[in-house]
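Protein chains in written order, with the working numbering: chain A, 1 to 529; chain B, 530 to 947; chain C, 948 to 1287.
Warning: the hint list may mix true and false statements.
To be verified - A few chain A residues facing chain B, derived, Cβ under 7 angstroms:
| id | residue |
| --- | --- |
| 1 | H363 |
| 2 | T364 |
| 3 | Q365 |
| 4 | Q368 |
| 5 | S370 |
| 6 | Q378 |
| 7 | A413 |
| 8 | L417 |
| 9 | L447 |
| 10 | F448 |
| 11 | H456 |
| 12 | W457 |
| 13 | D514 |
| 14 | A518 |
| 15 | E524 |
| 16 | N528 |
In case anyone wonders, no lab produced these hints; they're calculated from the structure. This one's a predicted model, so the numbers in the text were calculated from it and none came from an experiment. Note that the Cβ used here is the ideal one computed from N, Cα and C, for glycine as well.
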Amino acid sequence: MHRTWVSCAASLVFLTASAAAVESSLDQNIDALVFAKAQGHKMTPADDAEFLRRVWLDFEGGIPTADEARAFLADPAADKRAKLIDKLIAAPRFAERMAEAFNVMLMERRGDNDAWKAWLVDAFRSNKPWDAMVREMLAPDFLNEKQRGAGYFITRRLEKVGQQDTDYPGLTRDVGRMFMGIDLQCCQCHRHLSVSEYKQIDFSGLFAVYQNLKLQSADEKHKTPWVSEGVINAKYEFASVLTSKKAQTAPRVPFGEEVMIPALTADEAWLVKPDRKTKEVGQPKFSPLHEIAQRLPAPENPLFAKNIANRVWFLFMGQGIVEPLDLHHSDNPPANPALLDLLAQELTAHHFDLRWLIRELAHTQTYQRSSTAAGTHQRHLTAEQQLRAFLGATGERERLEKNTKPDVKVDAAKYSLADFQKAFAAALANPAKEPELAANPSLRSALFLRNSDYVHWALMPRPGNLIERLAAQSDPAEDLYLSTLTRLPSTEEKARLKSWLAAHASNKAQALSDFAWALLSSTEFFVNH
Amino acid sequence: MNPLCTPGDHHLSRRAFLGGGLSLLASPVLAEAMRQKDKQVLFVWLDGGLSQLESWDPKPNTEFGGPFRSIKTSVPGVQFCELMPKLAKQMHKLCVVRSMCTKDNAHSSGVDRIQRGDPKNRGVPYPHFGAGVAKLLGPGASGLPPYVWIKPGSGGFRAEDAGFLGPKYGSLAFGDGKPPENLLRHPDISAEQDAARNELRQMLDQRFAAKREKRVVEANASVFDMAEKLMARADIFDTSRLPERDRDRYGRHDLGLHMLVARQMLEAGVRFVKVTSYGWDTHGDNFNAHATMVPKFDQAFSAMLEDLEASGLLKTTLVICLSEFGRTPRINGHVGRDHWPEAWSIAMAGHGVRHGTLVGETNDKGTAVKSQPYDIGSMFHTWYRALGIDPLKTEFDNAGQPLPIAHDEMIPIKEALA
Amino acid sequence: MKLDPTQIAEINSEHQISAARFSSDGSVLVTSGYEPLVRCWLFDGKTLTPLPSLEGFHGYSTAIAFHPKLPHLFCADSWGQLRCSEGEKTLWQHEAAHDGWLRQIAVSPDGRCIATCGKDQFVRVWDAATGQKLSEHAAGEDVYAVTFSPEGQQLVFGDMLGRLVVMDRDLKKAQRTLDAAVLYKLDRIQDLCGLRMLLFIEGGKTLLAAGTTPQNGATPQSIPTILHFDFASGRLTQTFTHGASKEGFIHDLVQHPQGFLMAVTSGTPGSGMLLLTNPADKEPFHVNTKMANCHALALHPDGAHFVVTSTNRDSNGNGRSLGKNGEYKTNRSPLHLFEV
């Protein structure tokens, strides 16, 4: 991994959290810290084309049309970049794009759920603060129509798979990974063998909470599967398989204080008593689920802010300040500790307003640097971005969106958008339950691009699409490059296209289709640079 | 409760292997000597734990021996369980080690430890034997993926099988032995068109890489390359043209079919072919289960050995058959046998292995190894040696960290080597 | 019909038992199991005391059946031996009545002949007195159960695929086949046969096929099942199931003279039930889950006593778990004597 921008070095002057007291804005402070670590490497700003494409992919999830691209590139206004950022953040697509990215990050392609996706979109549309989002995920209100979708984070992970036990350890581990950036996997049975500050009690304190949940099926009252809690009236006992030493813990946020378990008798323990006859599962007065949901996503838990700052940085910069994103500990420190601290503190001060942080990041020179400079990280497009960009480039998105009844016999109605989403995800997405740090190109993706009917169909001339439009032009180079690569072609590239078309003059549409295919299969297309 | 703890995953530096495709061989001289294109490996994995008492090491009419009889094999003095009549006739080709004694009796960790050789803990995940062979012997002249896995269920590329060697040496699984989706050229695209536009794509990539870091372009280039090689050899997946006689000999069941695909892969020159059969974890109804499964394994594996010999491939192919452990002599209330790493068997054949040989023995009741017990580390030593690789002179290089290719406190099983 | 049997004795054993039957005069209980012996027990109304065993078997002793009137015992083993004995004396014996595992023996109601079936895919009929082989039939699949019809003219056997084949007792022609294919499943490369017992009730009007409806291979998890077939039409009239998927198989099934069915089940280690149910009912009227992994049920001819054999509770475990003195021992099957 090329980490020249964010490599370890000496400590820097630490900037305090109060935004008002600091003279420069956050984005300037970020740049200062990044430059300091860069040790003199020059950071060339991205040119307009690079910037345009990057910002569209990151904020809209796709690429602009040729006309939109041409307009931006020709615009002489000095503040056009800032204006574009604001425009894209304000657009409805922004919430959808963020929901998509967070869905993959939080659920790791475990499956689709409409209520969950709707909750995510709504959260980003209304700019719900991140701590509120996490509270809703960690202690879902299943009776609230607007919030029950958030419960999918927990309920999906507790679904039984075949004969295996309910995966309480997996859920516990993921709460640590997703919301605090720590992977306590190995601490279930003993202290972490390689990370000295992860201890078994850190796992067990969380595990005590989640193993107390029971997955319930949807019913009249609860429209989705939900979880009930049992009574916890004693500390959770655990022992190391290495030392056999016994210990106990109350519910506890990792590295935090134990939650006090109230001394209640069996009778007093229930808010709503369980009743076998009415099939009432009961509701305890003491809810460790809610206790953790209050304490984990809080300013007092420093790893909470650091985790989300790191993840948002990763989403937009292509590389986490801590990597892997869920392995933050003293032997895997942030590449730029001061930067991470700054982001975490600023975000906390702004009450975990993600939209604010993202806007600040987008304004940094770091974000707007050119990828041609040595050491910059290029990231593969996600399957969703690739699809959206592909359909945008080939001009087929609208047709697919409108076609709800696919008919194999009619060429124009052959596929629906859902067909394409499924095919692209199958070919290009990482397998389920794996963090999508870097989507590796695979044999499957190469074969898909080369031979699949989806790609082939989209590149056939059809009213309104790219190939049809290009075939009618005497000099299609500009339109082709703007539509696919969001930039103008160089002289050399124009000449190459001309000679290609001349060599395949017998079938202009096919020649254009093949050239477009080469552009759309090239690394330049499916990397965010 | 499923423990998440999988000791094989205890690693310090994930970063090291995430980008670790840079590992090089220890010395250029050895590198050449080892790039011998001919040698191949067939690795048959019976997942769940084949019962050694119902297969390679029967104890008929004893306290724990179960209901089955034993039968003579082609090697005097050696008997197999009656459920393996065909392999009994081929014992003269085999080397059966009956003295395996390993440490792990859990699937979740045991499978990993056995497939990765359970070396001393060095803080990095060790590669599967297949990934190690892919690395040390290379893909071979065929250019096909070096570590191929034929298995029921889904296919796909598994980078994690390569451990610290880097994703390039992961296993490429073909689910149900079927070709990957989109393997064949689209019917509406001619070969010339396909070649021309792909060449154009490559040129565009080269221009792009000129100004940027090469790694991403190279990763893409290598998968397109692999795709092209596979497309050219799509025939290795085509079982439709196989003679009916072959389908019958291997058995008209999943394992038979998968073995046939594996044979085609080996014939095409794939370096390392792993075939997995699932469902051997018979904690219940063990005898009836083995009664229907062992004969099918017997049939498929036996046909494979015959065919490898007939084609001459057996001389240059190392054949290995094993599970993650054996099964308990004691029979539980579900009429099943539980996990038993204490005394179990592995069978081998082919290149570098002494054929018609029994190595080691268990006691009369099968409750312990009577002779020198061997851990899986010894097996890795033996296998590498059989392939002509000296584990004492060869190392892996993990981004500057030299690592032994097999457990450095163990030695090969001399009696098993030719 | 409501009954509450009570256990009056538990007799230890140092070995595992798979089948148990009382002699026709009720004085002796005979058990077979995971050893090359057939054990005998003296029954005095209150307990069971060991008698000398029958030796000379190989592998596992498997099927046992008594002659309806004479004091003759027919038994078999997993290497294929078939034997007829009276007390300790062997009357006749075939070392290889089947090639390998002989699974069940059925005795014709008139006591003139016996039928055997096994893993070698054959059904054979023998003269009960002399042991002469009378006829045989190649079934084409592993045969798990065999029984005579109550009037004795027909034979029904059930194979791996859940085919219940009806033949006349000289095995000349298969008359028809009842479809119990739900008792079969192919999981990966494992053929799962859920059939364990065939039993006629209601004077031959109904044929019961008992065992389980298999769901998965390797470590099977499925629910104990009894299929009721109207024998004349071959139609499946009722499917009785009881318990969770851990409960596994019905291993033994008998009908009490008062008409109710008695079954024992065994599934995952620790599970196990004794079920008493009226044939037409959906739910059993008596369930005893105190015994783990029950494999055999022997009903005394007096109808007032029966024996259930179970397995010790800690029968499973990975690795080499040793006893108090460091020994590695087999599991055991306690015998539970009940009074009705």
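Going through the hints against the structure:
no., hint, in the structure
1, H363, "24 angstroms, violated"
2, T364, "21 angstroms, violated"
3, Q365, "19 angstroms, violated"
4, Q368, "17 angstroms, violated"
5, S370, "10 angstroms, violated"
6, Q378, "5 angstroms, holds"
7, A413, "18 angstroms, violated"
8, L417, "20 angstroms, violated"
9, L447, "4 angstroms, holds"
10, F448, "5 angstroms, holds"
11, H456, "5 angstroms, holds"
12, W457, "10 angstroms, violated"
13, D514, "4 angstroms, holds"
14, A518, "4 angstroms, holds"
15, E524, "5 angstroms, holds"
16, N528, "10 angstroms, violated"
Comparing the model with each earlier hint shows violations of hints 1, 2, 3, 4, 5, 7, 8, 12 and 16; every other hint is respected.
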